[in-house]
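S.K.: Protein chains in written order, with my numbering: chain V, 1 to 367; chain D, 1001 to 1350; chain A, 2001 to 2344.
I should point out that these hints are in silico values taken from the structure, not numbers from a laboratory.
Here a beta-carbon is modelled for each residue, glycine too, at the ideal position from N, C-alpha and C.
Please note that a few of the clues may not be correct.
Derived, one-sided and incomplete: chain A residues facing chain V with beta-carbon distance under 10 Å [claimed, not checked]:
1. 2147
2. 2174
3. 2177
4. 2178
5. 2187
6. 2277
7. 2278
Pairs of lysine to aspartate or glutamate residues, derived as EDC-like cross-links and limited to a Cα-Cα distance of at most 16 Å, are as follows [claimed, not checked]:
8. A:2080 with A:2035
9. A:2268 with A:2283
10. A:2058 with D:1134
11. A:2082 with A:2114
12. A:2080 with D:1134
13. A:2212 with D:1053
14. A:2173 with V:62
15. A:2082 with D:1053
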Amino acid sequence: MRPPDRRARSVQLLIYLAVAAVAIAAALFAIETLRARGIKAGFGFLWNTAGFDIGFTLIAFDATSSYGLAFLAALLNTLLVSGLAIVLATAIGLVVAVARLAPIPAIRAAGRTYVEAVRNTPLLLQLLALYFLVLGALPPPRQSFTFAGVLVNNRGIFVPAPSITAAAGYALLALAALAIVYRLYLRRAGPIVAGLSAAAAAALGAAALWLMQWDLPALRGLNVRGGMALVPEFAVLVTALAIYTAAFVAETFRSGFLAVPQGQGEAGLALGLGRARTLRLVVLPQAVRAALPPLASQYVNVIKASSLAAAVGFPDLMQVFGKTTLNQTGQAVEVIAMTMAVYLAISMAVAGATQLYERSGQGGARA
Amino acid sequence: MSATGVLRLWRRAAPDRISAAVLLLGLLLLALAIPPVMRWALLDADFAGPACEGRGACWPFVAERLPQFLYGYYPAPLRWRLHLGGLALLAWCALFAIPGFRRRVGPATAVLAAVLALGYALAAGGVLGLQPVEASLWGGLFVTLLLSFTAMAVSLPAGIALALARAARNPVLRGLASAFVESIRGVPLLAILFMAVVLLPLFLPWQGGIGLFARVVVGLCLYASAYMAEAVRGALNTLPQGQFDAAAALGLGYRRAMRLVILPQVLRRAIPNIINIFIQILKDTTLVLIVGVYDLLGMVQLAVSDPKWLGHASEGFAFAGLVFFAICFTISRVSLRVERLLGAGEGRAA
Amino acid sequence: MKNIAPALAGLAASMIGFAVGAGSVSAATLDSVRERGFVNCGVGENFPGFFAPDSAGKWSGLDVDFCRALSAAIFNDPDKVKYLPATPAARFAQLQSGQVDLLSRSVTWTMSRDAGLGLSFSGVTFFDGQGFMVRKALNAKSAKELDGATVCTQTGTTTELNLADYFRANNLKYTPVVFETTDQVVAAYEAQRCDVYTTDKSTLAARLGKLKDPAAHVILPETISKAANGPVVRQGDGQWANIVRWTLNALIAAEELGITAATVEQVKASSKDPEVRRLLGADGELGKLMGLDNAWAANVVKAVGNYGEMYDRNLGPKGTVPIPRDGLNRLWSKGGLLFSPSFQ
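Bound-form chain V, shown alone (with noise of 0.2 Å):
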């Protein structure tokens, strides 16, 4: 609207130094402050020991680690965490979004309450409530339920934990070779071959399993050992995440569904594949197309909602350094920054994905 070049670039240059002399003099400030208190600033503390310990690593870290040690156990837990709610959330959000497009009513309106009742409460209270009423359900470690040497008790779920041996990994590989050889040269061989195939894996498998030495876990002094262990706080926060989670899932795979042309399904049909071959070779693909991209920011959502682990006790990126380590060193500025460069990172990182795959043209059902 009549712009005359020059006064428009006088405009920027003066937005350009205001925001300048904001941010200068909110960083003048903020080391003011933190220069009469005495504090001193920098990334020096991660080099220090931490001195604590974090109940559930993926690395190896004790209190005799270092911060920058805690932060990257923290991170490998939340992304472990996201990880596996977002599988888990659109194993659900698929089948509830079939659920909601099913011919049935009754298996509409159950998929229609999930959603409802999902999306109309806070992540937080389910969270919570969740995670209570698992710590009630389940005994305590010495009245835990024994199954087939799985021990289920309020500290978790314990399962034996199997190390391979030579002889184990022997059978495992002729177990592999087999699975191939059958798919290359014997599908097409007849009944009778198959059979053989079968009762021959199935001895492998049970051979391998009967070789591989197994670390049972048991109730010994206070606490179960050995095994390996699902502990109650990881599962609550996985499970919360992808339940809330997949009701939007659901209902991005049910747009994602529309969006694909009647005449698709029909055509899978009419070419007599069968009702969920249709689905699967022809419906899905068309809709998980269409649906990605706001898939990929619900995945950012699960990532960023991963934060409230602090409230069941996970320990989490934002738990161990938003708030142990700030507490510990006082150095409140750069850890939160650390903390939200972080997420930024990652948000930023699947949204860039997202659009190279839209540009890609793979996106391009819309021609």
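For this one, chain V is given, so just place chains D and A on it according to the hints.
M.R.: Just chains D and A now, kept in the frame of chain V:
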């Protein structure tokens, strides 16, 4: 109903074997789930009495704690002020029954801002001869509503400004607005609240800073504005280029074009998304309990750890869940209706 | 659009102005407290016996009484205090940013906090130490038997570090489960999510009485840390630090000299003891040295009593949370550690 009728209904509900199996499974699950829930919530439950002995739900707990769930520690003799504020808010909602008001986002927001200003004056006191009440006494559903409606009233104009800035020709303005919106949307609300509570005071020049409640409000408003900006921008992008050209052809300047032609259409298109964001904000206000402001869920959590009522967490959470569900579900129904009404309006216009 | 730039420029200019002038603003806490008309007292969320709001939101406890004493020293009125609760993670920022004038919330005095965070500890209102609570059913008689235990604790406190130190030093294994608030920790311990609940023994004592079945739990004898808890102020304001430190000293000295809330007026009028006369402002000008009225200490004792009275009111047998006063928290003359330098 006769046996053949039931059979016919069954055939209609489950035309093939797979659906029949799914339906049976669903019915089985319902049959398993409903009796224990009913027994807990109604049959075995205690409804009166100073303490609970039964194995069912303990509703006297919720009844005793109800004032705190609703008002926090707000002094009982002054609660009429909150009721008055609540009535003002209800009156604002009732305005939407007026057909002409429904689509006017601008006036609706202005009236909401006035209602909220009144609400804060009533809640905080210290003006008009009202006795002051510390923000640290505020809590419960009252805080949940106050926070979410404030975030709404602030984020709408802020979001519009940000969306327009992102669509502006000026690259600096565009860059700044994009950077703000994307960085807020890229981090968890909890991190924003932490920043507002822990860091904001370090960057603010005035000694003593602002109170915890105000800082939490700032954090929530920043968060809501970024999402609101996206809703408005999305609607802006769906507006045909012809509308902009037509406004220019009429000789309207930037401001008048925006005010008279573009924004009214954009906002109408954005209404469903705006309402969805509002529901999102309403649910997300629960996070303030983590930084020490006690909303409805926060008060429930405090009550649950009261030694007098230990072991009644389920009742508290059920109550909070039902309240949130009732509010959010109602709003989402309204949103659907608005969407349909607007859809019909657009159709007629075309 | 064109109106944005000047507005921003104005904002920036004013912010720079503030930033430049900020150094002088933050200097004299006493002046800003006087101007404001009340003390901003940083407390925690809920710690019965030390700081806790009742159902009407009125604060009480030992740490709260200290803020009341401070208010009495400055305004001759114990109620000119505003209580600002914060989570452990936010408390130091709350003080550093000038949000509050002091923290009176059982903050543990450590070297890294004193020297590295711009804080200045003013003394000790309560000597504490970290301990362990377990169920009696575990049959543990000592913390050394806790190998393999699951331990619940709260984030953002020194307890996490002490816990790690103790178990490592004794070559024991454990799994920490860390929660946001004390209430969550206790709820998880009650649900038997963990075998052990660890925090300062005073808190353990306070919480034990409020468990569903107090008789089913026991606090183990070990004390694994030294915790000297007391009020904290910002570094760099010597006058304010002195006021806080000497208010605490006056409370202790008054107990040692046998001055109580009921007797203070009469003692001030009739005592011949020079120390008593200087403390209560009958002789000398000690209060003036800190910019206060000479009767400041008399006003403090009149308002909240001496340290012993404060303790009894909150932690005594009839207090909210009875904690026997038999260890370090007695006067030095009775075998404890409470000692006030001389009022000369």
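S.K.: Are the hints correct? Go through all of them and say.
M.R.: Verification of the hints:
1. 2147: Hint holds; residue 2147 of chain A Cβ to chain V Cβ min 6 Å, cut 10 Å.
2. 2174: holds, 8 Å
3. 2177: holds, 5 Å
4. 2178: It holds, given that the least Cβ distance between residue 2178 of chain A and chain V is near 6 Å, below 10 Å.
5. 2187: holds, 7 Å
6. 2277: Since chain V brings no Cβ nearer than about 38 Å to residue 2277 of chain A, farther than 10 Å, the hint is violated.
7. 2278: Violated, about 33 Å.
8. A:2080 with A:2035: holds, 12 Å
9. A:2268 with A:2283: Roughly 10 Å between the alpha carbons, so the hint for residue 2268 of chain A and residue 2283 of chain A holds.
10. A:2058 with D:1134: Measuring from Cα to Cα gives roughly 11 Å; hence the hint holds.
11. A:2082 with A:2114: violated, 25 Å
12. A:2080 with D:1134: holds, 14 Å
13. A:2212 with D:1053: The given pair, whose Cα atoms are some 14 Å apart, holds under the 16 Å limit.
14. A:2173 with V:62: holds, 11 Å
15. A:2082 with D:1053: violated, 41 Å
Taken one by one, the earlier hints fail for this structure at numbers 6, 7, 11 and 15, listed in ascending order.
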